[in-house]
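> Now for the letters of each chain:
Protein chains: 2
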Amino acid sequence: MSRYQLKHRHRSTAATQASPHAGGPSSGPLTSEELQLAGRNHSMPLEALREDITPAGLHYILTHFDIPHIDAETWSLRIGGAVSREIELSLDDIMARPAVTTPVTLECAGNGRSLLKPRPLSTPWVLGAVGTASWTGTPLAPILASSGLADDAVELVFTGADYGIQGGTEEPFARSLTVAEAMRPEVMLVYGMNGSPLPPQHGFPLRLLVPGWYGMASVKWLASIEAVTGRFEGFQQAVAYHYLQGPEGPGLPVTRIRVRSLMVPPGIPDFFTRKRVVEAGPVMLRGRAWSGHGEIERVEVGIDGEWMPANLDPPAGDFAWSGWSMVWLATPGEHELRCRAMDSSGALQQTTQVWNYQGMGNNMAQLVHVTVR
Amino acid sequence: MSRYQLKHRHRSTAATQASPHAGGPSSGPLTSEELQLAGRNHSMPLEALREDITPAGLHYILTHFDIPHIDAETWSLRIGGAVSREIELSLDDIMARPAVTTPVTLECAGNGRSLLKPRPLSTPWVLGAVGTASWTGTPLAPILASSGLADDAVELVFTGADYGIQGGTEEPFARSLTVAEAMRPEVMLVYGMNGSPLPPQHGFPLRLLVPGWYGMASVKWLASIEAVTGRFEGFQQAVAYHYLQGPEGPGLPVTRIRVRSLMVPPGIPDFFTRKRVVEAGPVMLRGRAWSGHGEIERVEVGIDGEWMPANLDPPAGDFAWSGWSMVWLATPGEHELRCRAMDSSGALQQTTQVWNYQGMGNNMAQLVHVTVR
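Chains as they are written, first to last, in UniProt numbering: chain U, 1 to 373; chain D, 1 to 373.
Simulated from the structure, these hints should not be mistaken for laboratory data.
Predicted, not measured: the structure shown is a model, and the values here were computed from it.
Be aware that a few hints might be false.
If chains are identical, the list can't say which one is meant, so a pair holds when it fits in one copy or spans any two.
[Said to hold, decoys possible] Here are the computed lysine to aspartate or glutamate pairs in the EDC-like style, where the Cα-Cα straight-line distance is at most 20 Å:
(1) Lys275 with Asp71
(2) Lys275 with Glu233
(3) Lys275 with Asp304
(4) Lys117 with Glu33
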């Protein structure tokens, strides 16, 4: 951990809550700060929805601070706190453990934020803050078990090497999970992505992977895991990533991914507007649907407000998206296409916004304008 | 080439010139169209300037239309037009030819566009539309020679598989080079990037690489090369990518990369504003400098308006950036840092904007605001 943290860790809750930087809304135009964040934090272009596994350079990225430069040779992961045996693991130690490779869909909790009115001020995602990679790593639970978690340990705090200031608070990026969530069998420490070492922007050399949860839980550049006997109150856990109706908390924490479907925009684009032009006749519409709350049970496509069921493929994995498709008989004129999914918890995407103060979990159904000729 | 081109190729110069989509300026707020383009087209985060070779997922991307999905097994490159022998090459044919691997810096001609006032309406790059990859491919000249270019051939037209509408014109992305430029020994057909096959977003399975030129010349998803006996008048050649003072052409075409330097922002960032906080004392400032017009001769760092020479490393390759560094003795307070480079043609980056209508080649010196504590 850098000298900054030791010397300057501080917290200004008043500043945080009053500042738009903590997620306050704006009805004004997009700011230069938001533009900088849009340039740094990559969306997945929606045509990449055609791929089961998103090519690494097309997977979305959200990096709160700078991408750290880490030497894997000298890096290690420290596991301590309320444990009977502190552990320090090298990357070789972790790679020598039983390996699992599995496709997992990750989505940023802020996906869709820029479409909310008024617009919460943070990374102004449109709809592409998603991706599915084939991750390789080792389950976390046996490692935690070998450390001897104390009986009074209630959470694990996962701390990354990325470090900076957000909402007046200076901290490394850190998130916690309850012991029960952290011990789930699908939670992993991962070092591989699509058959290669993690790229720097995805957490090289090691990140946490929490399938089913929005991406903030899958802490990148993992430096330490600390068992704690009280609730972790770091900024990214206690202030950011909450469903709020105004600047005052506490609100409900953001956890699992809300059900969503997206479609590959059909036909050809206009460069500037991204509006689509399609030839009349049968058009294969297709996309993906996913949820952290259960299996996808149904996907429907709306053509000018009339909903029709799509064909649904089996999911690419227990925590990965499902493909869907539907043939649309396109007739000349202007059309509005939508898609919406329902998961096994009964949650269904809405076509009107469900606003919140930080712009979290906006799974409003996608709308695609198409000119058929 | 798709059926769209055959049936609907058309051109509306009036619409193109009148439309802001062709690059007209705005003094108004950022539009939702620009935001969509910022989300699709990835910048390189400036902390990646510390790497000689940019990791593939961090290299900038500009895709005018959709990223095409190409099956390398059935793909081929057709070379025809004013040649004595038409050629069709498979990927295996091209990979069987002599291979060269070389680092080359590519930059989008629109890099820095969003900093211009008024702001030309197109992809609103801040400063990160750059990257250096290690490219693997084979020189183009021997292939052209084997096709028997006609004596009256004046240009080669390079056409990609990406297709759509821009400024009222519906076309595949296509650019030309004069025969003399195309025959330069450094011009290559490339199929590898950083030791892997080209990622889809960088032109899989094959792209042109024109070292020294802005990125638009290095046509991706290359489908055909056609020798022509007149000047190519496609949209991306004749309308886009020109230095203009207003909507009327012709202006000068955009060709080689203007001299530029950038620095790794020092210290730690604020998440939202990206403003930097630095500890007082010696701070190693570093970055990269490059030019398509000659070697980098000098890099200077400006601290609150006072310019000092930086140390300059040898370039990473004949057409790749050079590292630079300088120790700054940071004193508490607010500071403005800049860097500027001069190349062997005598061109020097300016600290005031040199505006043009499409926002091309804006190499105004970077400005970094730093708080030292």
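> All hints, please: hold or fail.
Each hint tested on the structure:
{"no.": "1", "hint": "Lys275 with Asp71", "in the structure": "neither (44 Å within a copy, 26 Å between copies)"}
{"no.": "2", "hint": "Lys275 with Glu233", "in the structure": "neither (44 Å within a copy, 25 Å between copies)"}
{"no.": "3", "hint": "Lys275 with Asp304", "in the structure": "within (16 Å within a copy, 45 Å between copies)"}
{"no.": "4", "hint": "Lys117 with Glu33", "in the structure": "both (18 Å within a copy, 17 Å between copies)"}
Of the numbered hints given earlier, the model fails hints 1, 2; all others are met.
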